[in-house]
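Q: So the chains spell out like this:
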Amino acid sequence: MPVEFRFTCPLVNGIHARPASVLADVVRGYRARVTIARDGAAAVELVSVLSVVGLDIKVNQECVIVADGIDAVSAIAALTKFVEEKLASVDDVSDVGHAAGTEGSANLPMALRNRDVAFVSGRAVCGGIGMGAAVIVGGLALSDAALRATPVSVEAEVTKVRDAIAKTHAELHTRAKSAKGIAADLLRAHAAIADDPALRADIEKRISRATTAARAVVAAGEAFAGELRKATSAYIRDRAVDVIDVCEQILEKIGTLGGTTNVALENDSVVFAETLTANQLLKMDRSKLRGLVLGGIGATSHTVILARSFRIPTVIDVRNAVGLVAAGTRVIVDGEGGLVLTSPGDAARRYFEREIRSRERAAERVRVLAQGSATTIDDASIEVGVNASTPDEVRGATANGADGVGLLRTELLFLDRATAPSEEEQYSAYTGVVKAAAGRPVIIRTFDIGGDKPAAYLNMPEEENPFLGVRGLRLYEKHPDVLSAQLRAILRVALVGPVKIMAPMVSTPEEAVWFRERVEATRRQLAAEGVSTSSVPVGIMVEVPSVATVMDQLCEVVDFFSIGTNDLCQYWMAVDRGNAGVAGLYNARRPSFLRVLSQIVRGAKAGGRWIGMCGEMAGKRGNLPLLLGMGLDEISVAPGEVAAIKALVREARAEECRALLERACACRTPGDVDALVAASGWRETQAAAIVDRSLVMVESDATSKEEAIQEAIGVLLAAGRIERPRDVEDAVWAREATYSTGLGFGFAIPHCKSDAVTIPSLAVVKLTRGIEWGSLDGGAVSAVLLLVVPSSDAAGSHMKVFAKLARKLMHEDFRARLMGAASPEEVEACLRIELEIS
Amino acid sequence: MKIVAVTACPTGIAHTYMAAEQLEKAAKAAGHSIRVETQGAMGIENELTAKDIAEAEIAIFAVDIEVEQLSRFSGKKVLRVGVAEAIKNPKGVLAKAGA
Chain A
1 MPVEFRFTCP LVNGIHARPA SVLADVVRGY RARVTIARDG AAAVELVSVL
51 SVVGLDIKVN QECVIVADGI DAVSAIAALT KFVEEKLASV DDVSDVGHAA
101 GTEGSANLPM ALRNRDVAFV SGRAVCGGIG MGAAVIVGGL ALSDAALRAT
151 PVSVEAEVTK VRDAIAKTHA ELHTRAKSAK GIAADLLRAH AAIADDPALR
201 ADIEKRISRA TTAARAVVAA GEAFAGELRK ATSAYIRDRA VDVIDVCEQI
251 LEKIGTLGGT TNVALENDSV VFAETLTANQ LLKMDRSKLR GLVLGGIGAT
301 SHTVILARSF RIPTVIDVRN AVGLVAAGTR VIVDGEGGLV LTSPGDAARR
351 YFEREIRSRE RAAERVRVLA QGSATTIDDA SIEVGVNAST PDEVRGATAN
401 GADGVGLLRT ELLFLDRATA PSEEEQYSAY TGVVKAAAGR PVIIRTFDIG
451 GDKPAAYLNM PEEENPFLGV RGLRLYEKHP DVLSAQLRAI LRVALVGPVK
501 IMAPMVSTPE EAVWFRERVE ATRRQLAAEG VSTSSVPVGI MVEVPSVATV
551 MDQLCEVVDF FSIGTNDLCQ YWMAVDRGNA GVAGLYNARR PSFLRVLSQI
601 VRGAKAGGRW IGMCGEMAGK RGNLPLLLGM GLDEISVAPG EVAAIKALVR
651 EARAEECRAL LERACACRTP GDVDALVAAS GWRETQAAAI VDRSLVMVES
701 DATSKEEAIQ EAIGVLLAAG RIERPRDVED AVWAREATYS TGLGFGFAIP
751 HCKSDAVTIP SLAVVKLTRG IEWGSLDGGA VSAVLLLVVP SSDAAGSHMK
801 VFAKLARKLM HEDFRARLMG AASPEEVEAC LRIELEIS
Chain B
1001 MKIVAVTACP TGIAHTYMAA EQLEKAAKAA GHSIRVETQG AMGIENELTA
1051 KDIAEAEIAI FAVDIEVEQL SRFSGKKVLR VGVAEAIKNP KGVLAKAGA
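Chains A and B, in that order, give the protein sequences.
My numbering applies: residue 1 is where the first sequence begins, and numbers increase by one.
My numbering applies: residue 1001 is where the second sequence begins, and numbers increase by one.
Honestly, I wouldn't trust all of these hints.
Stated by the list, open to error - Below, computed lysine-lysine pairings styled on BS3-like, alpha-carbon distance capped at 27 Å:
1) B:Lys1028 to B:Lys1091
2) B:Lys1091 to A:Lys808
3) B:Lys1025 to B:Lys1096
4) A:Lys81 to B:Lys1028
5) B:Lys1002 to B:Lys1077
6) A:Lys804 to B:Lys1091
7) B:Lys1088 to A:Lys753
8) B:Lys1076 to A:Lys800
9) B:Lys1077 to A:Lys808
10) A:Lys180 to A:Lys283
11) A:Lys808 to B:Lys1025
12) B:Lys1002 to A:Lys804
13) B:Lys1002 to A:Lys808
14) A:Lys81 to B:Lys1025
15) A:Lys766 to A:Lys800
Claimed, not checked - What follows is a set of in silico ranges between Cβ atoms, one per label pair, in the way DEER data are often shown:
16) B:Ile1065 to A:Ile837: 23 to 31 Å
17) A:Lys800 to B:Ala1029: 22 to 30 Å
18) A:Ala580 to B:Gly1092: 50 to 58 Å
19) A:Thr669 to B:Ile1065: 53 to 61 Å
20) B:Ala1095 to A:Lys800: 26 to 34 Å
21) A:Lys288 to B:Ile1065: 47 to 55 Å
22) A:Ala675 to B:Lys1096: 45 to 53 Å
23) A:Ala580 to B:Gly1098: 48 to 56 Å
24) A:Ala675 to B:Ala1095: 32 to 40 Å
Just so you know, these hints were derived from the structure itself, not from any lab.
Even for Gly, the Cβ is constructed at its ideal location relative to N, Cα and C.
Full structure from sequences and hints, please.
A: Pasting the structure below:
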């Protein structure tokens, strides 16, 4: 009697090779015949990963699994349990962020545009610059001997192929055990493909028509890959290369492969391939792999995902990738601009070598800044978390020193859809973020939806004033199922990594008690189902002013707090900050607001509770001394700000910050607070004087105006003064186009305003030999002063320094002193004195 | 001789001020009285008053862009040169202005 089970596919990328292989694992031990089907497609055997992948089951599609046989009931029970509890987490959500890829436009650097440089363009999917000798890798190819061979006998060929498949399968299993993360998942998926009954049946059918084992593997592999390439989902299409990958390994075991599976790299190499398999990439010596140039492979292929995780500069969508250059040709892969330079001349080589050097110096600087904790001079520490929502963002932030995720908003999962997200969908989404946080705590805020947001399934009535109506936690009592699914997902994710649960819009201690009870009840429910959960801290957002006066009572109920300054300030001032008529009242530096914030933090500390701050106020560097003064345990900021904020904390004194906050609380207006903070000498950027020895290079070997400009920009990049050096380069050259910035007397002062400039800066580059600049006096230039200004801040006090510098340069004695300064220290000292910078 | 001048370059970061400095230096060396208004990224600085303009015998515009508040100079004798010329050869510019 057949038994069936229906479910909705929870996986964003559909059921591709990895989830299909795990489903096959679940039923493999049973004797019942188990099939899976979706609407409009014939059922296929669940143990055949390739057939299941070929079904092309997409997210939210209804599927039905049918088991028929002696142990059908227990097979379905096992599958049901697996699908409900684990399927969603099988998919590594981190892949989703990659799916879109970073669209890199072909963008030859300005300095090379007039240099007759040969290049081909593609799509940049992993940044950085790679230089090396071209290594060409072909597709599924047989050795000459294998091509000429005739089959011994059907039995002999079948035995040969079965042996090869068994060895491949066993080897992949062994490798999967010692691999980690994405690589381990991938190897398991490949093992399942090797073991796939449909693939084996197809190979054996071909052998029975009198062909060799090797030819049968090639033909079957191409046939299955061809089927997958027809799928509507780009993600599934990209799995075709997995089949080719496994077939190559089988051929290798038969001993008939054309010889390209193991790509041996002898020195720095750039690999060119139409479709490089993930297996080939895994087996390469990555210390020698400098870049990848790929043709018919998608941004969501395992190969590209691995390339990103290894940070290998990669350009895809390159037409005729294997026919571009001869093996051994020295090439350059520009993963920033999406270019491949197939015969780079001296100018191009020097350009990219320079860029590699400045990028390495910049990365080193950020690594040093981000390392360790943010601790003030007088030993007060503050955690610097991030507000982030995707695994990619979190991964980037943790690599750059974030101490955790201070606020994970979950509303996006709930909006613009017909039904609430399932527990599994949420589990899958949160798992991706928690994995990316790599052991650092993640604060997950339960859904904060109000009457002004589209979520039809919550049946929210029209409200006169949704901002003061049923939103956040106030909605939960009417929708216990929606809350329960989210709490279950979060409690289960706690087994993946440290998480905390935070409720929005709590305005009374009773609500906090109620929420806590919901969490406890959910935990008991999970325990009753045999799902153990570890202890998860429960906290609340502080965003309703009524909370401020009962912090002592709340400390008895919850484990932690996070202040949401945006709403708290609006409710505090009774102001809608989007209403131009009253928006002027909304200001987080209003003394009454600073007072209530101080009171809240004191309340939490008195009750021994951890308190952080998310919201715009926390992310503004200018507020940092006030926040340090309050004694917050944590601030949660934008991912790109972590290193800079940590660096600022290390320059601060908590004692001075406390005194500053006290004076700020005594002020009358936000303007008074602004003036007070400004007068305290607080800088919003770390030690970011316009002039600094780190911005001076005294012996540059640049040989042209192009190189000298790039050199100066590289100096700024290395010192953390700019982002996107090519944008700065474009802006500098746009200015050069009006007329030359060569002053005469050996000086040039290129300059620009650009969004890519973060800190107004003056870079000084002295050249070992003079270069032509089109100067006013026709002479050579031996000192380059590059002035850069952020577009948003083109009239700040730094402009006075630049104006003074411009005037000074008209005086011979100043020029002589500057030319005579031999070291970065001397140049800095000379400029500080002459430009009267304290 | 009394002279007023306005300097202005496209980005207003450097050449505006270099030209101003050169004109001031050259005029001083030749014993002229000069007031130079800069129209740079920081806006108008050292702004010329109606009195300055009225008392001057000539106005020198060392500019690569349009002069702001041009109406102040209506009826005034004006010498217009490029910024680069004022930086490179301020004496020559003064000579052209009849100083």
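Q: Among the hints numbered above, which are violated by the structure, and what are their numbers in rising order?
A: Of the numbered hints given earlier, those the structure breaks are 4, 8, 9, 14, 19 and 24, listed in rising order.
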